[in-house]
Amino acid sequence: DQQVKQNSPSLSVQEGRISILNCDYTNSMFDYFLWYKKYPAEGPTFLISISSIKDKNEDGRFTVFLNKSAKHLSLHIVPSQPGDSAVYFCAASARGNQFYFGTGTSLTVIP
Amino acid sequence: EAQVTQNPRYLITVTGKKLTVTCSQNMNHEYMSWYRQDPGLGLRQIYYSMNVEVTDKGDVPEGYKVSRKEKRNFPLILESPSPNQTSLYFCASSLGQPNPLHFGNGTRLTVT
Chain A
1 DQQVKQNSPS
11 LSVQEGRISI
21 LNCDYTNSMF
31 DYFLWYKKYP
41 AEGPTFLISI
51 SSIKDKNEDG
61 RFTVFLNKSA
71 KHLSLHIVPS
81 QPGDSAVYFC
91 AASARGNQFY
101 FGTGTSLTVI
111 P
Chain B
1 EAQVTQNPRY
11 LITVTGKKLT
21 VTCSQNMNHE
31 YMSWYRQDPG
41 LGLRQIYYSM
51 NVEVTDKGDV
61 PEGYKVSRKE
71 KRNFPLILES
81 PSPNQTSLYF
91 CASSLGQPNP
101 LHFGNGTRLT
111 VT
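As given, the protein sequences belong to chains A and B, one line each in that order. Going by this note's numbering, the first residue of the first sequence is number 1, and it counts up by one from there. Going by this note's numbering, the first residue of the second sequence is number 1, and it counts up by one from there.
FYI, nobody ran anything at the bench for these hints, they're computed from the structure. There may be inaccurate statements among the hints.
One side of the interface only, derived from the structure: several residues of chain B facing chain A at Cβ under 10 Å [said to hold, decoys possible]: (1) M27; (2) Y31; (3) G40; (4) L41; (5) V52; (6) D56; (7) D59; (8) Y64; (9) P75; (10) A92; (11) P98; (12) P100; (13) N105; (14) G106.
In this text, a Cβ means the ideal position worked out from N, Cα and C, and glycines have one as well.
Next up, chain A with everything else stripped away, as it sits in the complex:
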């Protein structure tokens, strides 16, 4: 059973607007959450992470929000740029032994 879920397979956003990617998880033992970006023919690259002791982490245009009570994670990209077009995976782990990934959301930023 999928412990990390990304229910939106795709998302289209106009350049300059906000992109919001969502992720839900089921395991309350998860204590470390990450977002990865993947271009075709490349491996996933790390974007941003958050520990379960926080509810928000920012890095430039990227902000991750964690709602532990709802078991929900989101990634905000502001402003969105055409180079952000890629597949985004969320991931979670409990004490770093195993990482569980969602199925990915394909983001298209329209110029």
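Chain B: place on chain A using the hints.
Same frame as chain A, but now just chain B:
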């Protein structure tokens, strides 16, 4: 340059012919793992290793073997590949939580 290197990038083989996909990292990471990516299923963990000579099964270990004889290398072995192992494979490494995984560029395997 810090990186995870997988070889080969592309591999076509036939059912039952043993193969090895190599993975090497130059970051002195203790943690290494293998994933497969399939349409609609995301990335699923096959095996992981917390350190030399320590390996554990992930979610989909059937049909795969790994070894961790030295820190930098973590090969994935398919003793008798079958068509359902046709997939895109990624190796990754990490210093350990709370540090992120660093991925290789992937190996696309086709088993006919």
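Item to check | Index of numbered hints that the structure contradicts, given in increasing order | outcome: Going through the list in order, the structure violates hints 1, 5, 8, 9 and respects the others.
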